[in-house]
Amino acid sequence: MEPILLRYERAGHCPTLDEYRADGGFEALATALAGMSPDAVQQAVIDSGLRGRGGAGFPTGRKWSFVPRNLPGPRYLICNADEMEPGTYKDRVLLEQNPWPLIEGMALACYALGVGHAFIFIRRGYERAAANLRRVMAEARRAGFLGENILGSGFNLELDVHQSAGRYICGEETALINALEGVRANPRAKPPFPAVKGLWGQPTVVNNVETLANIPAIIARGPAWWKALAATPEAAGSKLFCVSGHVANPECFELPLGITLGEIIDGPCGGMRPGSGFKACIPGGASTPFLTADHWGVAMDFDPVAKAGSRLGTGGIIVFDQNTCMVGVTLNLIRFFARESCGWCTPCREGLPFVRHILEKIENGSGNAGDVDILREHVHYLNYAFCALAPGAMGPLEGLLRLFEDEVREHITKGKCPFTRL
Amino acid sequence: MNHPNEIKLIIDDIPVEVPEGTSVLEAALSVDITIPHFCWHPALGKAGACRVCAVKVLEGSPRGVQMSCMLPAQDGMVVSTTDPEAVALRKGVIEWLMINHPHDCPVCDEGGECQLQDFTIAGGHGLRRYDGRKRTYTNQYLGEYIEHEMNRCIQCYRCARFYQEYAGATDFGVMGRGNMIYFGRQGDGPLESPFSGNLVDICPTGVFTDKTARFRARYWDYDLAPSVCPHCSLGCNITPAARYRELLKVIARRNDSVNGWFICDRGRFSNGAVNAPERPRQALADNRPVSCDEAMDALLERLTEFLELNGPASLAIVGSPRMSLEGNIMAARLRELLGAGTLSYFDDRLQAERTMEAASLLTTANAASLADVRKADLVAIMECDLLAEAPMMALAVRQAWRGGARVYVVGCDVPFDSAQGTKTLAERSRSPASPTHPGPDSVPPDRPDAPRTRPGAGCPPPLPAPGGARGWSGSRPGVCSRTRSHPATPRPVRGSATPRGQRCPHC
Ligand SMILES: Cc1cc2nc3c(=O)[nH]c(=O)nc-3n(C[C@H](O)[C@H](O)[C@H](O)COP(=O)(O)O)c2cc1C
Ligand code: SF4
Ligand code: SF4
Ligand code: FES
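If you read the protein sequences in the order shown, they are chains C and P.
Residue numbering for the first sequence follows my numbering, starting at 1 and increasing by one per position.
Residue numbering for the second sequence follows my numbering, starting at 1 and increasing by one per position.
You may find that some hints are simply not true.
[As the list claims (entries may be wrong)] Here are the computed lysine-lysine pairs in the BS3-like style, where the Cα-Cα straight-line distance is at most 27 angstroms: (1) C:K190 / P:K56; (2) P:K8 / P:K46; (3) P:K375 / C:K414; (4) C:K279 / C:K307; (5) C:K361 / P:K91; (6) P:K375 / P:K46; (7) P:K91 / P:K134; (8) C:K190 / P:K134; (9) P:K375 / C:K190.
[Unchecked claim] Computed list of chain P residues with no C-beta within reach of chain C, every gap over 10 angstroms: (10) G21; (11) A43; (12) H125; (13) Y137; (14) D256; (15) A298; (16) A313; (17) A332; (18) L343; (19) T364; (20) L378.
[As the list claims (entries may be wrong)] Where chain C lies over chain P, by a calculated footprint (3+ residues, C-beta under 8 angstroms): (21) 96 to 108; (22) 177 to 184.
For the record, the hints were derived by calculation from the structure and aren't laboratory data.
Values in this document were obtained by computation on a predicted structure and should not be read as measured data.
Yeah, the Cβ is synthetic: ideal placement off N, Cα and C, and Gly gets one too.
So that you can see chain C by itself, here it is in the shape it has in the complex (with noise of 0.2 angstroms):
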């Protein structure tokens, strides 16, 4: 499959505004704008079958249709460019590689929605993204693709950039709509979703920088040609994977969704390190479920991977090989996790510390026969938190435990870690 977008191979560098343009860029917004009805470019979206790249795969033409258009007061876009889901960082080599069919999608989105004031909320972390962004942006501006009467149509949209305070809990995307509006991020409890009531109480769409840029390509050429980049029929385009990890070429790559894990590690990834073999990774960011050797053949898509017992998340893929302690691993996102909880529902402000503590035991050879059993439970009582983070970082607990309980037994009845640590 020829990349779509990351088509600018030169690492580090940006393409120009006239280098994008020469290759087709804000055509699509040209021809929307000309000639297409909003309401048309939403069906373009819905009928390409384009899901969400920020984690939870939503279908985003759906999401777009959620937004009430006779609602006095404005709408709002904003776009998620919080990633700090540990594993992926797909969305930073999109955004100081090629931020450009990011602004065009955004338009795209806004006069799909009827916006005129969107707003890209990005990691704190993220210096020389937000640089090259707010670069761009203003060329886009000069160029008339921004600001008011965009390419003599009568469209206004200004669009902004927010750097995020930094914190995990900010990409989830109403804590980010709280982070926005100035106060502490900490979700809000939805109904009603941010589809209706968001930003400053009005109708507000959150979508993943990977999900928006990919919508001129859907405008441009078709959702049918679009749909039809994945590897299988029931999925739809291009993925971003970046790995991590144990394999040769740890990289980010633009692949077919649908493409098996086993292709993507042998393909792009030139197969695992010297002297490692294959033992388990996740598949996409770190709250999701491990996947191993038996999964080799799974399509990574976001049903099939839900078969699986993962999810296809982000696509931010962590390799881990023979010599690597799950139980490490785990104690390792479990860490993160309990760190970044905001605070504010009991299940996961307490719970992620037990779960920690009684990893911690287990991995310095004190842990007995008892706890997993409260590991157990807290797979279990996390998702009823209050937002989706907890029930997240459960992910790969559940998986430790469905797949590696054995590796788990074996640090409690020797009483230390199995593993020589590197």
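Chain C is fixed; fit chain P with the ligands onto it per the hints.
Chain P with the ligands in isolation, oriented as in the chain C frame:
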């Protein structure tokens, strides 16, 4: 007859009828089924934070284990509060909360009146499985009235929600993240809100306790009696708590049509005079200690003598605007009984006339209770510094404003900052969705020389903003602006050298 938007549901086999919009938790409470709850509070509403109010929905949607405070009651719903799954989750939540909570109820001043204690015992959590270290915090000095013990906090957010959202002050709130969140101020210092004492009542554990009464009694030791606050004319309901004939503290008493759940700090903390040693505690007749009955008999005897000698026309009965309504009514009754010639409530004719004039303007149609004010859609404040004259009225106006009311301030006897704060309120309530919130340090456009206000971004600015020459800020809680130049007169902390309090002489 069934009201059109009356909802019928079944909770634990009991049919319940509630108005639309009621949560399952409130519906259960309405038929005396107590579902444990920490973050939900009738005056603050739902937060969904503590997760201890789990129930199971057997019929209706969404099914399964749900948080009852967040769940609107729906027609035909069947709910169980005793389902094993819900009970297990509630027990789990208590276990989590008790991971870090100190296990020292016997030395906690809240013991016996602690919601956490009650729900922990009720939930059957007895065995500790967490064997790690507990989280500990450093406490803050929050002034002379309220003690801070953060280790006891269960992070229900009630205090921060009351203090910032309900009462509109900004010097106290929540900081940090994860399981190290902290409820306090940026640094040590007296709480600035004139309603800070409500933290004592509202905290479900022993984080905030009344410093002036700490460790003097357990709840069951108190002599409690329903009463009305004597400090202004609003008549907020209170429960004075006494032991061994000494008033130890004052607790807010719920009255939905007057003060709701709260009282101001003046009402709570300025009661030192009650215990003043100079107050007569023994009835005397002719300087001879007698019983109350004997004293009353002696009084009647003297009055009868006086009436016989001089005639009823020469007897005057004197009430006072500072006396309770009941007392003043009794004064009128006494005048009738004795046929006294004069009944007077005022020492100044002009004041009497003005009061009569004002009272005559009140009709049953236009008189508004504090509950009405809280729900008003327009409030005009005439020539009045609400925070100084009737603090709970200011709090009621703030609730109206939070509900979208417009607030106007008329007159010159209004602290500039109060007017400023109110004006910002009105502007903001006109366009709550405006993306251009006044940023930090914003200056009202029409007053470039105005002092910089700092409305908490995203949350309503305080009403009326304290500070300036006449507000409450800078003074200690419980003191109105007229008392500014005089020290506040709290009940002394035991063992402290503060002189015994006296009543404010200013009004
Ligand atoms: C704890 C938490 C963190 C999240 N972080 C991100 C993030 O960094 N970036 C992102 O796009 N979505 C994140 N999400 C998902 C968003 O809430 C939201 O679903 C997403 O931005 C929607 O975009 P999409 O429909 O385009 O996928 C997070 C969700 C949770 C619960
Ligand atoms: S699960 Fe609860 S504590 Fe954790 S991040 Fe969400 S709201 Fe905050
Ligand atoms: S201090 Fe009290 S009221 Fe505030 S969060 Fe803690 S337990 Fe709740
Ligand atoms: S009372 Fe329902 S979640 Fe706290």
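Hints, verified against the model:
Restraint check for K190 of chain C and K56 of chain P: the C-alpha separation of about 19 angstroms stays at or below 27 angstroms, so the hint holds. Distance restraint check for K8 of chain P and K46 of chain P: the Cα-Cα separation of roughly 21 angstroms lies within the 27 angstroms cut-off, and the hinted pair is therefore satisfied. For the given pair, K375 of chain P sits about 66 angstroms from K414 of chain C by alpha-carbon distance, which is inconsistent with the 27 angstroms threshold. With a CA separation close to 20 angstroms, the supplied pair K279 of chain C and K307 of chain C stays within the 27 angstroms bound.
Among the hinted pairs, K361 of chain C with K91 of chain P is consistent with the structure: their alpha-carbon atoms are about 24 angstroms apart, no more than 27 angstroms. With a C-alpha separation of about 19 angstroms, the suggested pair K375 of chain P and K46 of chain P falls inside the 27 angstroms cut-off, and the hint holds. A hinted pair counts as satisfied when its Cα atoms are at most 27 angstroms apart, and K91 of chain P with K134 of chain P qualifies at roughly 19 angstroms. Pair hint K190 of chain C plus K134 of chain P does not hold up; C-alpha atoms about 33 angstroms apart against a cutoff of 27 angstroms.
With a CA separation close to 26 angstroms, the supplied pair K375 of chain P and K190 of chain C stays within the 27 angstroms bound. Annotated as non-interface, G21 of chain P keeps its C-beta farther than 10 angstroms from every C-beta of chain C; the closest such distance is 14 angstroms. For A43 of chain P, the condition that its CB be more than 10 angstroms from all CB atoms of chain C holds, with the nearest at approximately 18 angstroms. For H125 of chain P, the requirement that its beta carbon stay farther than 10 angstroms from each beta carbon of chain C is met, with the minimum near 13 angstroms.
Interface exclusion of Y137 of chain P from chain C stands, the closest Cβ pair being 13 angstroms apart, more than 10 angstroms. The Cβ of D256 of chain P lies farther than 10 angstroms from every Cβ of chain C, with a closest approach of about 25 angstroms, so its non-interface assignment holds. Residue placement check: A298 of chain P keeps its beta carbon more than 10 angstroms from all beta carbons of chain C (closest about 64 angstroms). With a cut of 10 angstroms on Cβ distances, A313 of chain P stays outside the contact zone with chain C, its closest approach being about 68 angstroms.
At the 10 angstroms boundary, the C-beta of A332 of chain P stays outside the reach of chain C, the nearest C-beta of that chain being 53 angstroms off. With a cut of 10 angstroms on Cβ distances, L343 of chain P stays outside the contact zone with chain C, its closest approach being about 56 angstroms. For T364 of chain P, the non-interface assignment is confirmed: its Cβ lies about 38 angstroms from the closest Cβ of chain C, beyond the 10 angstroms cut-off. A cut-off of 10 angstroms between C-beta atoms confirms that L378 of chain P is not in contact with chain C; the least separation is 21 angstroms.
Under the rule that three or more residues need a Cβ within less than 8 angstroms of chain C, the assignment of the region 96 to 108 of chain P holds, with 4 such residues. As drawn, the region 177 to 184 of chain P meets chain C at 5 residues by the rule of a beta-carbon pair under 8 angstroms; at three or more, the given contact holds.
When each numbered hint is compared with the structure, violations occur for hints 3, 8.
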